[in-house]
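A.B. asks: Kindly produce the complete structure, drawing on both the sequences and the hints.
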Amino acid sequence: MELHLDSESTIPAYVQIRNQLREQIMRGNLPVSARLPPERELARSLGVSRTTVVSAYDELKAEGLIKGHVGRGTTVVGGATWTAAQPIAWPAHFSNLGRRLIRHAQPSELLTLNRLSAQPDVISLALGLPDPTLLPLERLQRAWEAVVGRVGANVVGACSVQGTPAVREVIAARMRERGAAVGPEGVIVVNGSQHGLDILLRLLAEPGDTVLVEAPTYFGALQSFLAQGVRLVGVPVDEEGMDVQRVEFLLARYRPRFIYTVPTYQNPTGATMSLERRERLLALAQRYQVPIVEDDPFGDLHFDEPPPPPIKALDRHGHVLYLSTFSKNLSPGLRVGWLAAPDPLIERVALLNRVTELHPSTIGQHLVVEFARQGWLEEQIELARSVYRERRQAMDAALRRQRLSEMRWMVPGGGMFLWLHLPRQVDAQDLLVETGQQGVVFLPGSLMYPASGPRNVCRLNFSMPRQEAIEQGIAVIGAGLRRLLRRPAETADEPVVANPIV
3 MELHLDSEST IPAYVQIRNQ LREQIMRGNL PVSARLPPER ELARSLGVSR
53 TTVVSAYDEL KAEGLIKGHV GRGTTVVGGA TWTAAQPIAW PAHFSNLGRR
103 LIRHAQPSEL LTLNRLSAQP DVISLALGLP DPTLLPLERL QRAWEAVVGR
153 VGANVVGACS VQGTPAVREV IAARMRERGA AVGPEGVIVV NGSQHGLDIL
203 LRLLAEPGDT VLVEAPTYFG ALQSFLAQGV RLVGVPVDEE GMDVQRVEFL
253 LARYRPRFIY TVPTYQNPTG ATMSLERRER LLALAQRYQV PIVEDDPFGD
303 LHFDEPPPPP IKALDRHGHV LYLSTFSKNL SPGLRVGWLA APDPLIERVA
353 LLNRVTELHP STIGQHLVVE FARQGWLEEQ IELARSVYRE RRQAMDAALR
403 RQRLSEMRWM VPGGGMFLWL HLPRQVDAQD LLVETGQQGV VFLPGSLMYP
453 ASGPRNVCRL NFSMPRQEAI EQGIAVIGAG LRRLLRRPAE TADEPVVANP
503 IV
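Using the working numbering, the first residue of the sequence shown is number 3, and each one after it goes up by one.
It is worth saying that the hints were derived from the structure and are not from the lab.
Keep in mind the model is a prediction, meaning the values are calculated, not measured.
Don't take every hint at face value.
Said to hold, decoys possible - Computed Cβ-Cβ distance ranges for the label pairs, DEER-style:
1. 134 / 12: 23 to 33 Å
2. 276 / 427: 26 to 36 Å
3. 426 / 350: 41 to 51 Å
4. 307 / 57: 29 to 39 Å
5. 53 / 353: 19 to 29 Å
6. 53 / 254: 25 to 35 Å
7. 56 / 350: 36 to 46 Å
8. 245 / 350: 30 to 40 Å
9. 308 / 334: 57 to 67 Å
Every residue, glycine too, gets a C-beta built ideally from N, C-alpha and C.
C.D. replies: Right, dumping it as structure tokens:
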């Protein structure tokens, strides 16, 4: 059995080992019952760590090709000698991407949260969606009738791969209002900003490449990055957003393919990057010739003062690739997002879209245009600001009433989330078990770090639940915390007043 590792390859060593062993098994060069070298022995002969060989063996075991036996080592149990009567071994046919998707799929606890959140008797502070009851059905019906009357059967027809001219005009006008010099030709419509991020990732990075991200960061982006096999380097987030002071060192050391940031009402912390940091980040991107992917789904949802202008508005040389969506301020079901970028990138996104999507959602685009024409889009955004402001205040007040020691949080100026720091000794996963039994769920913060992060943080959503549900949910969280704090020692100190990070 001969294995060769290419030290210059971007493919991880464990993947190279797995692929070569799989090929030899499937060709019959390693027949059933053949014994593989012990992990330490193979690691020593290849000049890699034992963990690398263990990872390769684990994947082959998951595919049903090998099996470990106590006292007998690891042997081949499947391959070229399998009988035709056996079901096809699908894991052996998946590409590297297919395997990464399985490895980095939503954790079981997140799937459970999604299932629980859909139940009517559960108070969910875990989701990141707008309140659907804020969208008047009567207006939606009138918009549909107007679109059908104006467009006819084309309302359900195909459109340009770049999106309809009318919706790109609406998008470009809204971006110009925020200071970004963008025309309709510089906009391409995508099926939500998550779709846009996936396209950019495929166009700009290969497996093994490095991307700078915030720590913590948006969970959906984190999954996309890990599924594509990129290397993530985290930049801490504080009350003013990404700690840009650390970025220059990381740019010089890692030469990343791009920087990913949610600078306005960041998901999950709610922090907003200061104007000074935005200017500094853009200057660094220009100096090191690294693109910035600015994800801005919440920029419209400000509660007090408007946020600083998007980084895209400061950009004069095409370094910023701007993503946004109507999913947070209108409806996620419309599937209308967009990317604003320089012409060379728009051209390639359009080519990739033509291959994979043909064109974006036509119906959603027409409805967005009709809402904008009627003036309903701005009214809808203003309604969301008002309602979510009240719910944020209700959550802040409910947390203050708990008066639990060492509990800290930041009161966001907009968006949908509040980032809660629990007492140091409390694991948010343990708290979720406590509150889940009482019908209250939230999102543990450890899921949103590119590497291991603190366990005592969680993200609370205030856009979906009504005020009464928020107050009840925070009361359940407080009671669960008290139970957890009493477990190590029943004689705990008197709690002190919790303080928000304003």
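A.B. asks: Work down the list of hints and note, for each, if the structure agrees.
C.D. replies: Checked hints:
1. 134 / 12: 23 to 33 Å: 43 Å Cβ-Cβ, so the 23 to 33 Å window is violated.
2. 276 / 427: 26 to 36 Å: Distance hint for residue 276, residue 427 holds at roughly 33 Å.
3. 426 / 350: 41 to 51 Å: holds, 47 Å
4. 307 / 57: 29 to 39 Å: violated, 49 Å
5. 53 / 353: 19 to 29 Å: Distance hint for residue 53, residue 353 is violated at roughly 40 Å.
6. 53 / 254: 25 to 35 Å: holds, 29 Å
7. 56 / 350: 36 to 46 Å: holds, 39 Å
8. 245 / 350: 30 to 40 Å: holds, 32 Å
9. 308 / 334: 57 to 67 Å: For residue 334 against residue 308, whose Cβ atoms are near 23 Å apart, the range 57 to 67 Å is violated.
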